[in-house]
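Protein chains in written order, with this note's numbering: chain F, 1 to 147; chain U, 1001 to 1200; chain C, 2001 to 2218.
Certain hints may be false.
As the list claims (entries may be wrong) - In silico SDA-like links for lysine to any residue, alpha-carbon gap of 20 Å or less:
| id | chain 1 | residue 1 | chain 2 | residue 2 |
| --- | --- | --- | --- | --- |
| 1 | F | Lys-146 | C | Asn-2118 |
| 2 | F | Lys-47 | U | Tyr-1005 |
| 3 | C | Lys-2068 | C | Val-2040 |
| 4 | U | Lys-1027 | F | Thr-25 |
| 5 | U | Lys-1027 | F | Tyr-13 |
| 6 | C | Lys-2112 | U | Val-1078 |
| 7 | F | Lys-146 | U | Leu-1071 |
| 8 | F | Lys-146 | C | Ile-2041 |
| 9 | U | Lys-1027 | F | Ser-11 |
| 10 | C | Lys-2166 | F | Pro-75 |
| 11 | F | Lys-71 | C | Thr-2144 |
| 12 | F | Lys-47 | U | Thr-1052 |
| 13 | C | Lys-2166 | U | Ile-1014 |
| 14 | C | Lys-2043 | C | Leu-2033 |
| 15 | F | Lys-146 | C | Arg-2071 |
No lab work stands behind these hints: they were computed from the structure.
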Amino acid sequence: MIIQRISRIISNYEMIMPLFAGAVTVLFVVAIFSLPLPYYEEQLYPKTFDPASPLNPYDRGGPPFTQVEIKDQYPENSPTAGYVTTYLTPFSWYLANTTLYLGTTIVAHPGGILDEILYNTRGLDTVVEPTILFIAFAIASYLYRKG
Amino acid sequence: MWQEYSIGLLLVFIAAVVAFFALVVEKDDLHRLLLLDLVEVPSLGIIALLGTDLAEALILPGLVVGIAELLALSQIYVTKEGLREKAVRGLNIEVIQADAPLIISVLLICYGIVLSGFTGGGVAGLGVVFYFMARGHREHFELLEMASGISWAIWIFAFFVFMFIPEYWLLALFMAAIGILMKVIVKMSLVGTMWGDGNG
Amino acid sequence: MDSLGGTPYYILEFGDELVYFSPYTVSLFLLALVFTLFAVIAKPERQVDIAFGGDAYYAKETSLQELKFRRFMAIACGFASMGAMVTGDVFNFTLFISLVGICNVGIVAAVKNRHVQNAAYQYGIVALAATVPLFGAAATIAATTGTLSMVELWSNATPAVPPVVKALLVLGVMGEGMAPFYAAKAEMFRAPGAPYVIMCSLSSLLIFLRVIEVVLVI
Chain F
1 MIIQRISRII
11 SNYEMIMPLF
21 AGAVTVLFVV
31 AIFSLPLPYY
41 EEQLYPKTFD
51 PASPLNPYDR
61 GGPPFTQVEI
71 KDQYPENSPT
81 AGYVTTYLTP
91 FSWYLANTTL
101 YLGTTIVAHP
111 GGILDEILYN
121 TRGLDTVVEP
131 TILFIAFAIA
141 SYLYRKG
Chain U
1001 MWQEYSIGLL
1011 LVFIAAVVAF
1021 FALVVEKDDL
1031 HRLLLLDLVE
1041 VPSLGIIALL
1051 GTDLAEALIL
1061 PGLVVGIAEL
1071 LALSQIYVTK
1081 EGLREKAVRG
1091 LNIEVIQADA
1101 PLIISVLLIC
1111 YGIVLSGFTG
1121 GGVAGLGVVF
1131 YFMARGHREH
1141 FELLEMASGI
1151 SWAIWIFAFF
1161 VFMFIPEYWL
1171 LALFMAAIGI
1181 LMKVIVKMSL
1191 VGTMWGDGNG
Chain C
2001 MDSLGGTPYY
2011 ILEFGDELVY
2021 FSPYTVSLFL
2031 LALVFTLFAV
2041 IAKPERQVDI
2051 AFGGDAYYAK
2061 ETSLQELKFR
2071 RFMAIACGFA
2081 SMGAMVTGDV
2091 FNFTLFISLV
2101 GICNVGIVAA
2111 VKNRHVQNAA
2121 YQYGIVALAA
2131 TVPLFGAAAT
2141 IAATTGTLSM
2151 VELWSNATPA
2161 VPPVVKALLV
2171 LGVMGEGMAP
2181 FYAAKAEMFR
2191 APGAPYVIMC
2201 SLSSLLIFLR
2211 VIEVVLVI
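Required output: the full structure, derived from the provided sequences and hints.
This is how it looks when you write it as C-alpha cells:
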C-alpha cells in the first residue's frame, strides 16, 4: 500500500525537484550539526596583504621576468609558475605606478596570481569551465533559432 | 574549536537550508528558476570561506557554471512555454539615432581590447550590446557561434602550451587572455542580439 | 601509491591536476570511449506512426540540423564522462560532472516536443541545484585537508575528510546523474531520442561508479 503510494508520487517527474531539494536541505541541516569543521592551516596559495602596494590584495610578484616562489601542489609539474604572477602589461605597469588601486581591477590585466592559477597550475579547470559555457551557449542558440 | 571558518560555514549552511527549503515548497516553474539563482549564492559562499588565492580561482568556474546553466535553462523555459518574442525596435531616442552609438561602441571596444581578460571582455561586450540595442540588426548567430568556437580553441591551445612547452608561457598567457576576451564579448553580444532581433 | 582502483599505470600531469589511469579508471574510460564512438557512427532512428483506420504508415524525419546537434551533444557528453573518469582532482571532478549534466540537458532538450522540453527543464533545475552540494563539498575538502589532489588525499598525510562532506559530494553527483529518469519519463528511449539518449544513461552510470571510488579513497 504505502509503497504503491510512494511510487505513484515519485513516478511524477515534477516531484523529483522538491524531493531532491528536500534531500539537500536535510543534508545541510546535518552539516550544521556536524560543525565545527577543522580548518587546515597549511593551505595552498595562501593570501597575504600589503596595503602599501598598488597591487594589493594580489601582490605576489617581484620584478617582471623573474620567478617568484608560489606555494602550489606540485611545483615540479609547473616549472614556469611564478612568471605569470610577476608579469604586467606596459599599460598596467603605468597604472600601477600612478595609482594605488590597480589591485581592484587586476582581473582586467594579464598576469597576477589569479591568472597563474587559472591558466597555468589549475589550467584544466579553466578548460572545462569555458566548455560548459560553450555547451550551454550551443543549447540556447539552437533552441532560439529553432524556436 | 569554533574558529572563524566554522562560524562562516554555519551562516552559509543556514542560508543554503533556507534557499533549498524555498525550492521545496515553490511550485511555479519560473519562480524555481529565480530561486536557483539564489541557491547558487551559498555555494559561492562556501568556496569563498576557503580564504586563499585558490578560493578566488575556484569561484570563477563556480560562477560561470551557474550562469551558463541559467542561460540554457531560461531558453528551454521560453521554448517550453511557447513564449513568442516581441519585436523590439531600436531605442527611439534622437541622440542614439545619430552617430553616437557607433562612436561610443568603438571607444568601448578599443578600451576593452586594451584591458583584455575578463573585464576587457565585459567592457568591449558592453559596446557591442549597446550598438545592437541602439541600432537593431539581423541576427548573425552563425558568426557569433563561430567566434565562440574560435576563442575556445585559442584557450585550449594556450592550455597545452602551458602544460607541455612551458618555456613559451608568455605566448600562452596572451593567447589565454585573447581567448577569454573574445569569449566574453561573444556572450554579451548575444544579449544584444536577442534584444534587438526582429527589425532590419 | 596504492589505491582502491589499483596502482595507476600512468599519471598525466597538468600542473596541479593529475590525470591518472588505474585499472579501475581505465576500464570506465574505455567504456565511455566505446560508447562515444558508437554515438559518432550511429544513425538516428526514425519514429514510425501508423495512420489509424488504414494500412498506411509514415516515418518522421529527423532534420539534419537536429541530428547534428544531438550527435554533437552526445559526443560532448562522452568526452565529459571520459574526463570525469580519469581526473585526479576533486574540483576538476565536480566540474566534469557539471559538464556531463549540462550535456544531458542538451541531449534531452534537443527534441522539439513540449512534453520532452518540460522534462528537460525539470532535469536542468535539478542539475543546476546539484552544483551547490558539489562545489560546496569540493571547497570544504580543500579547507579541511589543505589539498584538492586525490593522490594527496589517499596518502593519509592529510586529515580525514568529514563524512558529511562526502555525503554532499555523493548527493551532488546523484542530482547531476538523474537524467535517465527524465528521459525515461518523457518516453525518449524508443522513438525521438534514440540512439543518442543512451549517452544519458551511460554517463550517469559511469559518474556513479566513479564517485564511489572517489568517496572511498579520500
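Cross-check of the supplied hints:
At roughly 16 Å between alpha-carbon atoms, Lys-146/F and Asn-2118/C fall within 20 Å of each other, so this suggested pair holds. Taken as a hint, the Lys-47/F and Tyr-1005/U pair is honoured in the structure, with Cα atoms around 15 Å apart against an allowance of 20 Å. A threshold of 20 Å between alpha carbons decides the hint, and for Lys-2068/C with Val-2040/C the separation of about 10 Å falls inside it, so the pair holds. Between Lys-1027/U and Thr-25/F the CA atoms are separated by roughly 17 Å; this keeps the pair inside 20 Å, and the hint holds.
Between Lys-1027/U and Tyr-13/F, the direct Cα distance comes to roughly 13 Å. Compliance with the 20 Å bound is thereby established for this hinted pair. For the given pair, Lys-2112/C sits about 13 Å from Val-1078/U by alpha-carbon distance, which is consistent with the 20 Å threshold. A C-alpha spacing of about 16 Å is found between Lys-146/F and Leu-1071/U, which places the hinted pair at or below 20 Å, so the restraint holds. At roughly 25 Å between alpha-carbon atoms, Lys-146/F and Ile-2041/C are farther apart than 20 Å, so this suggested pair is violated.
Taken as a hint, the Lys-1027/U and Ser-11/F pair is honoured in the structure, with Cα atoms around 17 Å apart against an allowance of 20 Å. As the CA atoms of Lys-2166/C and Pro-75/F are separated by approximately 28 Å, the hinted pair breaks the 20 Å bound. Our distance criterion of 20 Å between C-alpha atoms is met by Lys-71/F and Thr-2144/C, whose separation comes to about 17 Å. Taken as a hint, the Lys-47/F and Thr-1052/U pair is honoured in the structure, with Cα atoms around 5 Å apart against an allowance of 20 Å.
Annotation: proposed proximity of Lys-2166/C to Ile-1014/U holds, straight-line Cα distance about 19 Å (limit 20 Å). For the suggested pair Lys-2043/C and Leu-2033/C, the alpha carbons sit about 18 Å apart, so the restraint of at most 20 Å is met. For the given pair, Lys-146/F sits about 17 Å from Arg-2071/C by alpha-carbon distance, which is consistent with the 20 Å threshold.
Of the hints listed earlier, those the structure fails to meet are numbers 8, 10, in rising order.
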